[in-house]
Amino acid sequence: MMHTAELLEVFKQYRGDSIVIPGRGGRNWVPVNDGPFDLPLGDPAMGGHAGFGLGVALAQPKRKVVLFDSEGDILMSLGMLVTIAEQKPANLYHFILDNGVYATTGGQPVPNAENVDYVTIAKGAGYERVHEISEIEDFKEKLPKILRETGPVFIRLRIYPEIQNEAIGKRRPWMKRTREQVVVDLRKELSLD
Amino acid sequence: MSDASSNVLSPEIVHREMKQNGVTDVVWLPDSETNWLYLLMKSDPDLRLVGVSREGHACSIAAGLYAGGRKPIILIQNTGMMESGDSIRGWLKGLNIPVVLMVGYRGYTRHGVNKDTAATYTERFLNAFDLQYYIVESDRDADRIKIAFDEAKKRNGPVVILVADEFHGFNPSKK
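If you're matching them up, the sequences are chains A and B in order. The first sequence lines up with residues 1 to 193 when you count with the working numbering. The second sequence lines up with residues 1001 to 1175 when you count with the working numbering.
Any given hint could turn out to be false.
What the hints assert, rightly or not - Derived DSS-like pairs: lysine-lysine, alpha-carbon spacing no greater than 30 Å straight-line:
(1) B:Lys-1071 - A:Lys-62
(2) B:Lys-1154 - A:Lys-123
(3) B:Lys-1019 - A:Lys-176
(4) A:Lys-145 - A:Lys-12
(5) A:Lys-64 - B:Lys-1042
(6) A:Lys-123 - B:Lys-1153
(7) A:Lys-62 - A:Lys-170
(8) A:Lys-170 - A:Lys-140
(9) A:Lys-123 - A:Lys-88
(10) B:Lys-1042 - B:Lys-1115
(11) B:Lys-1153 - A:Lys-64
(12) A:Lys-142 - B:Lys-1093
(13) B:Lys-1115 - B:Lys-1071
(14) A:Lys-170 - A:Lys-123
(15) B:Lys-1153 - A:Lys-170
(16) A:Lys-88 - A:Lys-170
(17) B:Lys-1154 - A:Lys-140
(18) A:Lys-64 - B:Lys-1146
(19) A:Lys-176 - B:Lys-1154
(20) A:Lys-176 - B:Lys-1071
(21) B:Lys-1019 - A:Lys-170
(22) A:Lys-88 - B:Lys-1154
(23) A:Lys-188 - B:Lys-1019
(24) B:Lys-1154 - A:Lys-188
(25) B:Lys-1146 - A:Lys-12
(26) A:Lys-62 - B:Lys-1115
(27) A:Lys-145 - A:Lys-62
(28) B:Lys-1146 - A:Lys-176
(29) A:Lys-188 - B:Lys-1115
(30) B:Lys-1071 - A:Lys-188
Hints in this document: simulated from the structure, not taken from any laboratory.
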């Protein structure tokens, strides 16, 4: 098992000029990476990050798009895997942060948490390249090679849960920009507006 | 425009309006009457079709496409739009995505009594979500499609076109 912060620290060395959608890893990513190609969105509506990543990847095919999705999100949108596999965005790297629980609601297990094989699901949906990594040393070794593969690549990362129990109103906000601003900043950086 | 075609909404008109309004990607899930339009879109090399398996998925995909510089349209049915409520709220309204949703208005009738709850709740849903919408019944309403695109840009948010021609509009064999 890995800690989200440590695996993101490793990834940071290899991100290059990629667009990063930190998803559920946003709290750990934003304090050190919050430029125009970082797209921390919090949780606009659960289950949608994969679709957002697909859209950005299709729109910017010359740039790597790295998405840190979660198992809870993708369970809500399993059909999205089929759409991604059909579109075949060669620049999309679809990481799943799998802690087995709904961490932001107190740590209740996701359905059938102990038995779900996300890699098999992704492969069955049509992803041709899939990986599963549980240890940080393995992650360090495999990450550079994974980022050279042709997307879409699906990577399940087994992580420790970082459970939150406080009432939402009492939690410390971690986003530095609003979601709308994140989109505005990206488009501006890409000279679209 | 022929008299015959003016009584229905032609798929050719819908396709033309997409092109004239700069649409690059159609994020969609088929409804009961869109097959002819599908064939038109599929034969257009400048349009990318992104098929989804549940309508709510279309919202975050469209948001990502827009963020990256494309101009998507969402093509779904009213039943799926209602299922997509939280995604419309979070991904389209929440991120200020100026996208048009072209929504098949299943059950719509201006005659007699509505018998389809999909139609019963469609406009109530749109009002509840504070979504501007335009009803398009036939080719004669085609200019409303451009108005919807302009409105989405002006509002910096989603705008809906209700295609109120569900039972004969997109299939030329039924004209």
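To see whether the hints hold, each was checked on the structure:
no. : hint                    : result
1   : B:Lys-1071 - A:Lys-62   : 18 Å, holds
2   : B:Lys-1154 - A:Lys-123  : 42 Å, violated
3   : B:Lys-1019 - A:Lys-176  : 38 Å, violated
4   : A:Lys-145 - A:Lys-12    : 15 Å, holds
5   : A:Lys-64 - B:Lys-1042   : 27 Å, holds
6   : A:Lys-123 - B:Lys-1153  : 39 Å, violated
7   : A:Lys-62 - A:Lys-170    : 41 Å, violated
8   : A:Lys-170 - A:Lys-140   : 36 Å, violated
9   : A:Lys-123 - A:Lys-88    : 13 Å, holds
10  : B:Lys-1042 - B:Lys-1115 : 34 Å, violated
11  : B:Lys-1153 - A:Lys-64   : 28 Å, holds
12  : A:Lys-142 - B:Lys-1093  : 39 Å, violated
13  : B:Lys-1115 - B:Lys-1071 : 36 Å, violated
14  : A:Lys-170 - A:Lys-123   : 40 Å, violated
15  : B:Lys-1153 - A:Lys-170  : 36 Å, violated
16  : A:Lys-88 - A:Lys-170    : 41 Å, violated
17  : B:Lys-1154 - A:Lys-140  : 47 Å, violated
18  : A:Lys-64 - B:Lys-1146   : 34 Å, violated
19  : A:Lys-176 - B:Lys-1154  : 27 Å, holds
20  : A:Lys-176 - B:Lys-1071  : 27 Å, holds
21  : B:Lys-1019 - A:Lys-170  : 48 Å, violated
22  : A:Lys-88 - B:Lys-1154   : 33 Å, violated
23  : A:Lys-188 - B:Lys-1019  : 25 Å, holds
24  : B:Lys-1154 - A:Lys-188  : 18 Å, holds
25  : B:Lys-1146 - A:Lys-12   : 44 Å, violated
26  : A:Lys-62 - B:Lys-1115   : 50 Å, violated
27  : A:Lys-145 - A:Lys-62    : 18 Å, holds
28  : B:Lys-1146 - A:Lys-176  : 37 Å, violated
29  : A:Lys-188 - B:Lys-1115  : 48 Å, violated
30  : B:Lys-1071 - A:Lys-188  : 16 Å, holds
Against the hints set out earlier in the document, violations occur for numbers 2, 3, 6, 7, 8, 10, 12, 13, 14, 15, 16, 17, 18, 21, 22, 25, 26, 28 and 29.
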